[in-house]
Structure formats: structure tokens, C-alpha cells
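Participant: With my numbering applied, the sequence shown closes on residue 183, and no number is skipped along the way.
Any given hint could be a false lead.
Said to hold, decoys possible - Label-pair ranges, simulated between beta-carbon atoms:
id, residue 1, residue 2, range
1, ILE60, TYR6, 17 to 25 Å
2, PHE155, ILE105, 16 to 24 Å
3, LEU4, PRO29, 35 to 43 Å
4, ALA61, ASN170, 26 to 34 Å
5, ILE105, LEU31, 27 to 35 Å
6, VAL112, THR34, 17 to 25 Å
Unchecked claim - With a Cα cut of at most 20 Å, we get these calculated SDA-like pairs of lysine to any residue:
id, residue 1, residue 2
7, LYS106, LYS172
8, LYS73, PHE30
9, LYS172, SER5
10, LYS73, ILE120
11, LYS106, ASP117
12, LYS169, ASP157
13, LYS99, ASN150
14, LYS92, PHE107
15, LYS73, HIS123
16, LYS92, ASP165
17, LYS106, ILE38
18, LYS172, VAL48
19, LYS73, ALA28
20, LYS172, VAL13
21, LYS99, VAL109
22, LYS106, PHE155
23, LYS106, MET24
24, LYS73, SER63
25, LYS92, GLY162
26, LYS106, SER52
27, LYS106, ALA147
28, LYS169, VAL159
29, LYS73, ASP117
30, LYS172, VAL159
31, LYS73, MET24
32, LYS73, LEU20
33, LYS73, LEU124
34, LYS92, TYR156
35, LYS73, LEU33
36, LYS73, ILE60
37, LYS92, ALA147
38, LYS139, ILE122
39, LYS106, PHE153
40, LYS99, LEU160
Derived by calculation from the structure, the hints in this document are not laboratory data.
These numbers were taken from a predicted model, which means no experiment stands behind them.
Where is the CB? At the ideal position from N, CA and C, for every residue including glycine.
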Amino acid sequence: MSNLSYRVALGGVISALCILAMFMTGVAPFLYLTLPMIAGALLTVIVVEVNSSWAFLTYIAVSLLSVFVTFDKEAAIIFILFFGHYPILKWKIEQIPIKIISILIKFIVFNVCIVADFQITIHLLGIGDFMDDFAFFGKYSIYVLWAFSNIFFIFYDYVLSGCVDLYLKNLKPKIYGSKYKNK
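Produce the complete structure using the sequences and hints provided.
Facilitator: Below, the structure is given as C-alpha cells:
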């Protein structure tokens, strides 16, 4: 779809839904990871319907707004550092013809973003007792957390691909009708 008004409207609707998801982290703090994931997954609709640069602009708008309207700043930071841009990058990374390089780049992006999030959470937000939750692993706590987060990333990447397939095969034909089924 190349209509400018369609792109602006779609960007506005997706931005509003993303901001709503981010705002809900203040209402349901136990979903501080799930809601930014959902907000990021919504950006894939713009990648599919318009293009990745338009999705990136939407990501920037949602990121800026989420800093101001989100009560849970940790959720805003993880959205900005990973869950917001990864669904956009994923589409570009998966276009690399050599699959092992594609997978390696995905893991590099994830690990760089998670280390940055961890450092900001500990030093900027002052949530130093974060590692106390993993004290039962002893001096290996950080390595156990890193391993679990990489396993989680594999699951997240798979689910995100499933969300895109769900949109393309089930939701898009119902929203736009049968004329867009194979587009």
C-alpha cells in the first residue's frame, strides 16, 4: 500500500496500540516484559503493510512517548533497547541468504541490547537488588541469567515469526478481504 494517508493512519493506530500496551505496564507491573513484546510485535504490521523505514519512524515515536507516559521505566527501556526495534531488524536480518550468519547476527543484536539494558537497569535506574533474586546460583548468577535469556530469545524469535505468519495468513485476509490473501 503506497497511499500516504493510509500509512499515516496505520502508523497512528499502531502507535496508539503500542502506547496503550506500554501504559498498561503501570497498571499490571507483572507484565513489564510481556507488554513491550506485544508493542514490538504490533510494529511488524507496519513492516508488512508499508515498509521497515516507516515502522522505524513509528518505533521512534512510540519510544519517545513511552518514556513520558509509561510508569514502569524499566519496561520503557527494554522496549527502546530491544523489543521495539528487533521486530523491524528481524525482517532485514532474515533476508541474509546465509542462514548461520543471520542467526549469529540475531544473537549478537540480542546480547548487545540485553547487556545495555542490564547496565542501564543497574546503574541508571538504581535497581541494584536485581541480582539478589538470582543469589541462589551463587557467583554464577550472571551466567545463568545470560543462558536463560538466550534460551528465551530463541523462543521469542520463533513466536514473533509465528505472529507474522498469523497476521499474513489469518488476520490480513479477514481485515482486507480475499483480494489481499496472497499479497
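Participant: Decide, hint by hint, whether the structure agrees.
Facilitator: Okay, the hints, checked on the actual structure:
1. Judged by the Cβ atoms, the range 17 to 25 Å given for ILE60 and TYR6 holds: they are separated by roughly 20 Å.
2. At about 18 Å, the beta-carbon gap between PHE155 and ILE105 stays in the expected band of 16 to 24 Å.
3. For the hinted restraint 35 to 43 Å between LEU4 and PRO29, the CB-CB distance of approximately 39 Å keeps it satisfied.
4. For ALA61 paired with ASN170, a C-beta distance near 28 Å keeps the hint of 26 to 34 Å intact.
5. Between ILE105 and LEU31 the beta carbons are some 29 Å apart, a value that agrees with the proposed interval 27 to 35 Å.
6. VAL112 and THR34 have their C-beta atoms about 22 Å apart, which keeps the hinted 17 to 25 Å range intact.
7. The hinted pair formed by LYS106 and LYS172 fails the criterion: a straight-line CA distance of about 27 Å is larger than 20 Å.
8. Using a Cα cut-off of 20 Å, the hinted pair LYS73 and PHE30 holds, with the two alpha carbons roughly 13 Å apart.
9. Straight-line distance between C-alpha atoms of LYS172 and SER5 comes to about 19 Å, which keeps the hinted pair within the 20 Å bound.
10. Using a Cα cut-off of 20 Å, the hinted pair LYS73 and ILE120 holds, with the two alpha carbons roughly 11 Å apart.
11. A hinted pair counts as satisfied when its Cα atoms are at most 20 Å apart, and LYS106 with ASP117 qualifies at roughly 16 Å.
12. A threshold of 20 Å between alpha carbons decides the hint, and for LYS169 with ASP157 the separation of about 18 Å falls inside it, so the pair holds.
13. Proximity of LYS99 to ASN150 is assessed by CA-CA distance (about 18 Å); at most 20 Å being required, the pair is judged to hold.
14. Restraint check for LYS92 and PHE107: satisfied, since their Cα atoms lie roughly 14 Å apart, inside the 20 Å limit.
15. Simply put, LYS73 and HIS123 have alpha-carbon atoms about 13 Å apart, close enough for the 20 Å limit, and the pair holds.
16. Our distance criterion of 20 Å between C-alpha atoms is met by LYS92 and ASP165, whose separation comes to about 16 Å.
17. With a C-alpha separation of about 19 Å, the suggested pairing of LYS106 with ILE38 holds against the 20 Å cut-off.
18. Proposed proximity of LYS172 and VAL48 is supported: the alpha carbons are some 10 Å apart, at most 20 Å.
19. Distance restraint check for LYS73 and ALA28: the Cα-Cα separation of roughly 13 Å lies within the 20 Å cut-off, and the hinted pair is therefore satisfied.
20. A hinted pair counts as satisfied when its Cα atoms are at most 20 Å apart, and LYS172 with VAL13 qualifies at roughly 16 Å.
21. Between LYS99 and VAL109 the alpha-carbon distance is near 15 Å, which keeps this suggested pair within the 20 Å criterion.
22. At most 20 Å may separate the alpha-carbon atoms for a hinted pair to count; LYS106 and PHE155 meet this at roughly 13 Å.
23. Under the criterion of a C-alpha separation no larger than 20 Å, the hint pairing LYS106 with MET24 is inconsistent with the structure, at around 28 Å.
24. Taken as a hint, the LYS73 and SER63 pair is honoured in the structure, with Cα atoms around 11 Å apart against an allowance of 20 Å.
25. Restraint check for LYS92 and GLY162: satisfied, since their Cα atoms lie roughly 17 Å apart, inside the 20 Å limit.
26. As the CA atoms of LYS106 and SER52 are separated by approximately 17 Å, the hinted pair is consistent with the 20 Å bound.
27. Distance restraint check for LYS106 and ALA147: the Cα-Cα separation of roughly 15 Å lies within the 20 Å cut-off, and the hinted pair is therefore satisfied.
28. With a CA separation close to 15 Å, the supplied pair LYS169 and VAL159 stays within the 20 Å bound.
29. As the CA atoms of LYS73 and ASP117 are separated by approximately 11 Å, the hinted pair is consistent with the 20 Å bound.
30. Using a Cα cut-off of 20 Å, the hinted pair LYS172 and VAL159 holds, with the two alpha carbons roughly 18 Å apart.
31. Simply put, LYS73 and MET24 have alpha-carbon atoms about 12 Å apart, close enough for the 20 Å limit, and the pair holds.
32. For the given pair, LYS73 sits about 15 Å from LEU20 by alpha-carbon distance, which is consistent with the 20 Å threshold.
33. At roughly 11 Å between alpha-carbon atoms, LYS73 and LEU124 fall within 20 Å of each other, so this suggested pair holds.
34. Straight-line distance between C-alpha atoms of LYS92 and TYR156 comes to about 17 Å, which keeps the hinted pair within the 20 Å bound.
35. Taking the CA atoms of LYS73 and LEU33, the gap is about 12 Å. The hint holds against a cut of 20 Å.
36. Between LYS73 and ILE60, the direct Cα distance comes to roughly 16 Å. Compliance with the 20 Å bound is thereby established for this hinted pair.
37. Simply put, LYS92 and ALA147 have alpha-carbon atoms about 25 Å apart, too far for the 20 Å limit, and the pair is violated.
38. Restraint check: the Cα-Cα separation between LYS139 and ILE122 comes to about 17 Å, which is no more than 20 Å; the hinted pair holds.
39. Simply put, LYS106 and PHE153 have alpha-carbon atoms about 9 Å apart, close enough for the 20 Å limit, and the pair holds.
40. Between LYS99 and LEU160 the CA atoms are separated by roughly 17 Å; this keeps the pair inside 20 Å, and the hint holds.
Violation of the numbered hints given earlier is confined to hints 7, 23, 37; the remaining hints are satisfied by the structure.
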